[in-house]
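Number of protein chains: 2
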Amino acid sequence: MENAKIAVIGLGSMGLGMARSLLRRGWDVCGVDLSTEARNALAAAGGRIAETPQAAVDGCQIVLSVVVNAQQTETILFGPGGVAAAMTQGSVFVSSATMMPKASREFADRLASKGILYLDAPISGGAVKADAGELSVMASGAPEAFDIAEKMLADIAQKVFRLGDKPGVGASVKMINQLLAGVHIAAACEAMALAAKLDLDLPQVYEVIKGSAGNSWMFENRVPHILDGDYAPLSAVEIFVKDLGIIQDMARAERYPAPVAAAALQMFLATSGAGMGGDDDASVARLYASLSDVDLPAPKARG
Amino acid sequence: MENAKIAVIGLGSMGLGMARSLLRRGWDVCGVDLSTEARNALAAAGGRIAETPQAAVDGCQIVLSVVVNAQQTETILFGPGGVAAAMTQGSVFVSSATMMPKASREFADRLASKGILYLDAPISGGAVKADAGELSVMASGAPEAFDIAEKMLADIAQKVFRLGDKPGVGASVKMINQLLAGVHIAAACEAMALAAKLDLDLPQVYEVIKGSAGNSWMFENRVPHILDGDYAPLSAVEIFVKDLGIIQDMARAERYPAPVAAAALQMFLATSGAGMGGDDDASVARLYASLSDVDLPAPKARG
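Quick note, the sequences are listed as chains C and S, same order. Residues in the first sequence are numbered from 421 upward in steps of one, following my numbering. Residues in the second sequence are numbered from 421 upward in steps of one, following my numbering.
I should point out that these hints are in silico values taken from the structure, not numbers from a laboratory. A portion of the hints provided could be inaccurate.
One copy or any two copies: either way a pair holds, since identical chains are not told apart in the list.
With a straight-line cut-off of 20 Å between C-alpha atoms, the simulated EDC-like cross-links for lysine to aspartate or glutamate are [to be verified]:
1) Lys-522 with Asp-650
2) Lys-662 with Glu-564
3) Lys-579 with Glu-627
4) Lys-630 with Glu-554
5) Lys-630 with Glu-640
6) Lys-617 with Asp-699
Remember, it's a predicted structure, so these values are computed and weren't measured experimentally.
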């Protein structure tokens, strides 16, 4: 498999990191993205650049799609110049976009009718882990798709959760993870801005909570941004506007009430509405502060 | 300090566990509680039983109060037969009840006027850790109060967070912890019942989330109860009805909106309203299941 060809579609912070991880592990990566900056970054790391998605997938056994959602996946696969028409029979489309499980199953069915395999492979871990090849992948799909994609997944991920042979299971588990992650970020922000309102020593509160039953992965990860006043985006507010939105759409379709996630979504929406959609998602704390006359640690100058 | 006398007021699951830990470490514990069962349990562990709170505190340098809230603390201290009238000058009242910071500061002031010290010392960790002497204590108060209570705190706790010399800080930090803990329990239940609605393999989802960014201390701790269908109360639904209620009262008084915690409180209330108030707080998952035609793992027979 040394220097095997792979196409990476979408070179945002996650896709670029994954492409770089693959390059370091000897893959012949051909990337495609609308952004000149993203294309230059891949070229600087030793990757090839294709002018069109169809050109990128030419001769590839694996096409790794790291676009944002189901709509972009639809465009990439079946829109004008879509890759479904150019992919090799028996090759596999590995989809890391976050989407409703139903959308994932539909893509798999439509590609199957063209003799193309589909692997449902949403990712978790953030840009830093993407760049280090240490993501978590929540994968499901046909055994033949896993056979082809297995080594590639191991090269981008620290943990590959193999969740059975039905597309949509990976997407579903990712949604469950995002529900929790989004609620935990909003709760961390609600709690820390309240701590500021109560005139508590925020670094002390952080240390106590880290060692207590109120801790979460997101609390540990995001609260330092609040303590540093640093809202440069590692993961932007808009990501959870999207993901908690998908969860509400899915829950509504299932006739499942999800009021805690709904409340969290409102706070991400308010944060975006107040002009912070592109900032780090710990900015939800700034929204709470603005609602309650609270001073958080001042933002530092950005590098 | 060997066989030093200490009064423990309130022998519920937390107070009894703390009293037992103190007995094992050589304290001469005198307990008081309205429940015969609780009194018998302390006697069986080698403790002395007092007929009244005033009798219990006689000759004690430390009075450890493990009642539920500010109202019970008020009664114990200043109600008919209250201990404030019987405590020795210069002794310390250590309060582990969860209450609003304001109430804690008021108790401290009223006791100070009688020459009695007050230590704000709410606890975290649950009944199992109480019994093992491994609680977390979030303590604040005068240095003289700490001087007297320090060894006792070390004997009931794995971690004593010393949060300064103002009563109310311990209570505030405990509230921040409970906000997060309550939201995380509700989110874990919302997520796992949704996973069941999506026909996912629940033990598999648990394993994936534990290793992903959606994890929390409460997710890891409570979801096994759902997987086992075991809702025998380790911590009852009513505890978070109380604690998230205090948080809403406090947030309202501060003019601080806390919509995520408010949504979580509604789900604890609904779970209690549906008849599960005395069951384990993972029962919130059963409430979600009942709202959405979902089957969770069946409850096992209780021992």
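If the cutoff is 20 Å on CA atoms, where do Lys-662 and Glu-564 land: within, between, both or neither? Let me know, please. neither (31 Å within a copy, 53 Å between copies)
Reference check for the pair Lys-630 and Glu-640, CA-CA at most 20 Å: within, between, both, or neither? both (7 Å within a copy, 15 Å between copies)
Measure nothing new, just compare the shortest in-copy and cross-copy C-alpha distances for Lys-630 and Glu-554 to 20 Å and report within, between, both or neither. between (23 Å within a copy, 16 Å between copies)
From the Cα coordinates, with 20 Å as the cut-off, is the pair Lys-579 and Glu-627 best called within, between, both, or neither? between (28 Å within a copy, 12 Å between copies)
Intra- versus inter-copy proximity for Asp-699 and Lys-617 (alpha-carbon distance at most 20 Å): So Lys-617 and Asp-699 fail the 20 Å test inside a copy (23 Å) and across (34 Å) alike.
What label fits Lys-522 with Asp-650 when the C-alpha limit is 20 Å: within, between, both, or neither? neither (37 Å within a copy, 32 Å between copies)
Violated hints for the displayed structure, listed by number in ascending order: 1, 2, 6.
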